[in-house]
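Chemist: Heads up: the protein sequence lines correspond to chains C and S, in order. With my numbering, the residue at position 3 of the first sequence is 3, and numbering never jumps. With my numbering, the residue at position 23 of the second sequence is 23, and numbering never jumps.
Keep in mind the hints are simulated off the structure, nothing from the lab. Where hints are given, some of them may not hold.
No copy is singled out in the list; a pair is fine if it fits within one copy or between any two copies.
[What the hints assert, rightly or not] Within a straight-line C-alpha distance of at most 20 Å, the following computed SDA-like cross-link-like pairs (lysine to any residue) qualify: (1) K21 <-> A47; (2) K17 <-> P71; (3) K48 <-> V36; (4) K21 <-> P71; (5) K19 <-> V36; (6) K17 <-> F63.
Protein chains: 2
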Amino acid sequence: MQKKTFNTTLSLRDFVKTKRKDLGFTQKMLADKAGVGLRFIRELENAKPSLQMNKVNQVLLLFGYELGPVPLNRKKMMDEKS
Amino acid sequence: MQKKTFNTTLSLRDFVKTKRKDLGFTQKMLADKAGVGLRFIRELENAKPSLQMNKVNQVLLLFGYELGPVPLNRKKMMDEKS
DNA sequence: AATAATTATACCCTTACGGGTACAAAGATA
DNA sequence: TATCTTTGTACCCGTAAGGGTATAATTATT
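Assemble the whole structure, with the sequences as input and the hints as a guide.
Modeler: Printed below as a string of C-alpha cells:
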C-alpha cells in the first residue's frame, strides 16, 4: 500500500531500475530487448547525464514510457509494483 | 483562449519552439542563454532524435522543465502563452 | 519591390558516446 | 565457506555528436 515518491528529474535511473526489476529482467536481458549495449544500460542506471535521447527512448519504450518535458520539481507517485 | 493539444512524445521540438517564442528569443539568444551551440538549438527544433540529454536539459531548464519519463500517448494541454 | 533579420543547410574539426570485451566487486544460494 | 549470478569499472576503438563558420533560404518589415 505504501507508495514511493520520486523526483522525475533525478531518478530516471531509479525509474529504469525499478521497472526492470518489476519485469524480472537482468541488465543484459534489458539491453538485448531494447537493442542497446549492456554498457549503455549500466550508464543509464548510473545516471550518466549525457546519454542520447533515442537510446534512452529505446529502453523506456519497453515500459510504455518515453522522454518528454516535465515541469521541474515535479513529483510523481508510483506503486512499488507496476 | 484556445488551447493547443500536443503529444509530449512527438513534440519536444514544438515545445521548445513555442516556449522560445513566448519569451521572445531567437535561436541564437536561446543558444547563448542555455550555453549550447546555435546548431544544437536548430537540431532540437528539427527533432533530431539522437540529441544528448544533458544538452537538452540545459535548454529546458530555462523554461522550468526537464526531461523525464512520461507515459506513451500522453497528451498535455498547454496555453498559447505561458 | 528592396532590405534586414531569422532560420536552414553544409562543411571541417575535436571530442566523446556507445559497443565490445575483460576483469573486479557485490549479492545470492547452498 | 565456496560457487554462481549479477552488477560495476576500465580499456580500446569506430563513428557520430556538437561547435564554429559560412552561405543559402526563408521570413519579416518597410
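Chemist: Each hint should be assessed against the structure and marked as holding or not.
Modeler: Cross-check of the supplied hints:
Taking the closest pair of Cα atoms, K21 and A47 come within 20 Å of each other only inside a single copy of the chain (17 Å); across copies the shortest separation is 31 Å, beyond that limit. Taking the closest pair of Cα atoms, K17 and P71 come within 20 Å of each other only across two copies (16 Å); inside a single copy the shortest separation is 22 Å, beyond that limit. With identical chains, the CA atoms of K48 and V36 are at most 20 Å apart both within one copy (15 Å) and between copies (19 Å). When the C-alpha separation of K21 and P71 is checked against a cutoff of 20 Å, the pair qualifies only between copies, where the shortest distance is 18 Å, while the shortest distance within a copy is 27 Å.
Proximity of K19 to V36 under the C-alpha cut-off of 20 Å is restricted to the intra-copy arrangement: shortest distance 17 Å within a copy versus 32 Å between copies. In the homo-oligomer, the alpha carbons of K17 and F63 lie at most 20 Å apart inside one protomer (11 Å), although the nearest pairing across protomers, at 28 Å, exceeds that limit.
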